[in-house]
Amino acid sequence: MSHVSFTVNGERRQLDIDTRTTLLDALREHLHLTGSKKGCDHGQCGACTALVNGRRINTCLSLAVMHEGDEVTTIEGLGKPGDLHPMQAAFVKHDGYQCGYCTPGQICSSVAVLKEIEAGIPSHVSADLNAKPGVTAEEIRERMSGNICRCGAYSNIVEAISEVAGSQA
Amino acid sequence: MKFDTPATTNPIDQLKVVGQPLDRVDGPLKTSGTAPYAYERHDVVANQAYGYVVGAAIAKGRITGMALDAARAAPGVITIVTAETAGKLDKGKRNAATLFGGPEVEHYHQAVALVVAESFEQARAAAQLVQVDYAKAEGAYDLAAAKQAGVEPSEGSPDQKVGDFEAAFAAAPVQFDRTYTTPDQSHAMMEPHASIAAWEGDKVTVWTSNQMVDWATTDLAQTLGLPKEQVRIVSPYIGGGFGGKLFLRADTLLAALGARAAKRPVKVALTRPMMANNTTHRPATIQRIRFGAGRDGKLTAIAHESWSGNLPGGEPEDAIQQSRLLYAGANRLTGNRLATLDLPEGNAMRAPGETPGLMALEIAMDEMAEQLGLDPIEFRVRNDTQVDPANPDRPFSQRQLIECLRQGAERFGWDKRATKPGSRREGRWLVGIGVAAGFRNSMSMPSGARVRLDAAGVVTVETDMTDIGTGSYTIIAQTAAEMMGVGMDKVVVRLGDSSFPVSAGSGGQWGANSSTAGVYAACVKLREAVAQKLGFNSADTAFADGQVRAGNRSAPLGQAAGEGGLVAEDTIEYGDLAKQYQQSTFAGHFVEVAVDAATGEVRVRRMLAVCAAGRILNPKSARSQVIGAMTMGVGGALMEELAVDKRHGFFVNHDLATYEVPVHADIPHQEVVFLEEADATSSPMKAKGVGELGLCGVGAAVANAIHNATGLRVREYPITLDKLLDRLPDAA
Ligand code: FES
Ligand code: FES
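Chains as they are written, first to last, in our numbering: chain B, 1 to 169; chain R, 1 to 732.
Extracted from the complex, chain B is given alone in its bound form:
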């Protein structure tokens, strides 16, 4: 057992927790924030994606006790029914989900992806590593490829993200 305190969705949280507990299980099992999903528990699917200090991570690959003082934003922190984040609303509008299980991860990832492009971080498909990458469908697809959607909503997800980014897929 170990003590950890961090901020989740703007709220200070304290936990006495098994050192083996992942950040994902801390959120889901201890804080009952079940919006972050467990698809694989091995960093293979992206369903557990949340933002830590503004960057997206696979929360299943990180132990809770490693996050002392961190700021965690989960899907619940982005928006709620009736007050959805623009990305959440765009997913609804473009039907960018089906079963919904990969969806919180897709949305957290896509919010971070747009920031990464904005910050000029290149990807595998960026032609010029020194130029600012564009918000193209190709860039979005590449950067979102760590988030598997077995329902296959990809085409719609890219349209939702593109709309939020203000560009066309």
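Hints may contain errors.
[Said to hold, decoys possible] Computed footprint of chain R on chain B, listed as stretches where at least three residues anywhere in the stretch have a Cβ under 8 Å from a Cβ of chain R:
(1) 18-32
(2) 92-98
[Unchecked claim] Across the chosen pairs, the derived CB separations fall in these ranges:
(3) R:G711 <-> B:E138: 56 to 62 Å
(4) R:K416 <-> B:G54: 30 to 36 Å
(5) R:E104 <-> B:M1: 56 to 62 Å
The set of hints was computed from the structure by calculation and includes no laboratory data. We put the CB at the ideal spot given by N, CA and C, even for glycine.
Keeping the supplied structure of chain B fixed, place chain R with the ligands upon it in accordance with the hints.
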């Protein structure tokens, strides 16, 4: 309601709500992470303990000993359940292998113990301490080797002979004879199988993730030896199923057994690496296809034979179904052969039968067209049939296959396809386009619903129907809104609870049409009850804008409910229209690929599906079903294969890093077109299904595009680059 004559005009035909591309009603919940999935139900019962499943480390044999003391003594452990301690267990009739193994082991990763502890981490750590000794037995794991011993199965399509195939084939001026293989595939839905079980006396409730609530209830009751009334299954949100959650699975049974032993609620999820071998998969096939045709391009002889394997008691992969109905031809031979294999249980995965069947048949059609010197679309058009080829008195209720292909050809730019394969080059890329016919039968299942009306005019629908991402919540709400003349904001839909009327459930692409038809039936009864309550003549009562009108009288809908409310319940059942008419859905699938001339890497560039599938209840969610299926089709064509360890008898690549499924970068923008259609023989909804049609034929369309791009035929799926590399045209 018995549906035994074709539908005439009914309130659904207004299409004020039904048929509209509305956003899903569950969208805000799913996108905000507030839709509750099985493992997340902290709200339903307190004091949940964690169960962790131990899977068998051999494929076949016996457990000779289990050392549990170390695990029992581990921190936090509450109890350990094994088949020995679980008490007598029966087996549900839909399971081939038992869900809890021991002492007999029937397949690799069959559950053999459940460790229950205070926390997930403690249960997991203790599970590693469980020591199992096995006596291994010889097993059969290689379909190609076991094929000869295959027998005609008692389940699936029986052998069918029409005319005299052998004679017609021998006499045909143009002959074709090829064999294709499709691999074992995994559903790999994103939400692992998960359940929370809680007992209250001798009654158990399980919150789970299951497509067929009534099957799960029945089979859990049978397995536990309980009357069905003592089992409640709740499954309102399902993180994907694709057939993998059609049946009672180990998580549900073990949660119930664990909770009984621990005397408190227990939650169990299969870990991702257990899913491929513990649960079911789509079985591999070997398919031989023979065609005989005249030089006019008309098929005179069609044979399709398929071999697959399964555990004793399992069924074949019925890959020949579509070949009985898709093309004309007077002389036909179709049949399945089933071999015994000791791999995990094979069972339904999205469009079972037709998915692998069309992966083979529609390459064969492309090859035969080439052999005849015909355009592949023209070849299919020449062999279209509007009747069941084995029974010409039985027409298709509707069949717009030619229209799907022609419209698709026009939209996709088929006229720009290089007729000489391997002749279109763009820099390092060889570019080609391919087509395949999509076909999937439309089955109807009885489906019940209860509708309640309250004084505020709110209509609440309850049915044990499930929404596995298909849009059931939304189309059921649309149906009730249309029938009762209210807005979507006045409808509440409650699904996936065995205390609700038994529905069709989600499978076989029957869910949308059947479950909404059940809601239609219940609403017809509610409308009658409303009219009667208001003293209106029910025959000429109209329901619109929250008002009920008859002649010059009118009243708010809620007024009929009064304080006590009104309730109506009914089940849609079917006569023999499905016997009189062949009810099927059709598609034209078009794919453009680019193949790297040096590496053989295949990129899918464009995809189009033109679908004819009855009335489309919600074009937005229906389109999503189709694009999702197209995506799965790309997976099947290019990457999905459970690799069989033929010595030890298990699927080696049993996680999401090694069993590859399409990711964002693999999938281009996808186009879907629905042809205008309303099938009066299908149900009062005049709908059929699209969720599986979208997959049927896609794999072959990709394969045919690769052939068009490179001139290479690959007949063993998936078409990975190693199968192209040494045969690619000179990269220079
Ligand atoms: S659950 Fe974390 S990546 Fe799959
Ligand atoms: S919506 Fe089901 S996995 Fe993405």
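- Range hint compliance [Cβ, E104 (chain R) to M1 (chain B), 56 to 62 Å]: About 41 Å separates the Cβ atoms of E104 (chain R) and M1 (chain B), which means 56 to 62 Å is violated.
- Check the following: the C-beta atoms of G711 (chain R) and E138 (chain B) are separated by a distance inside 56 to 62 Å. 28 Å, violated
- Task: Can you let me know if the beta-carbon spacing of K416 (chain R) and G54 (chain B) is within 30 to 36 Å?
- Result: About 47 Å separates the Cβ atoms of K416 (chain R) and G54 (chain B), which means 30 to 36 Å is violated.
- Query: Are there three or more residues in the stretch 18-32 of chain B whose C-beta lies within less than 8 Å of some C-beta in chain R?
  - Reply: holds (count 7)
- Task: Mind taking a look at whether chain R covers the stretch 92-98 of chain B? Criterion is 3 or more residues with CB to CB distance under 8 Å.
- Result: Answer holds; 5 residues pass the 8 Å Cβ test.
Of the numbered hints listed earlier, those contradicted by the structure are 3, 4 and 5.
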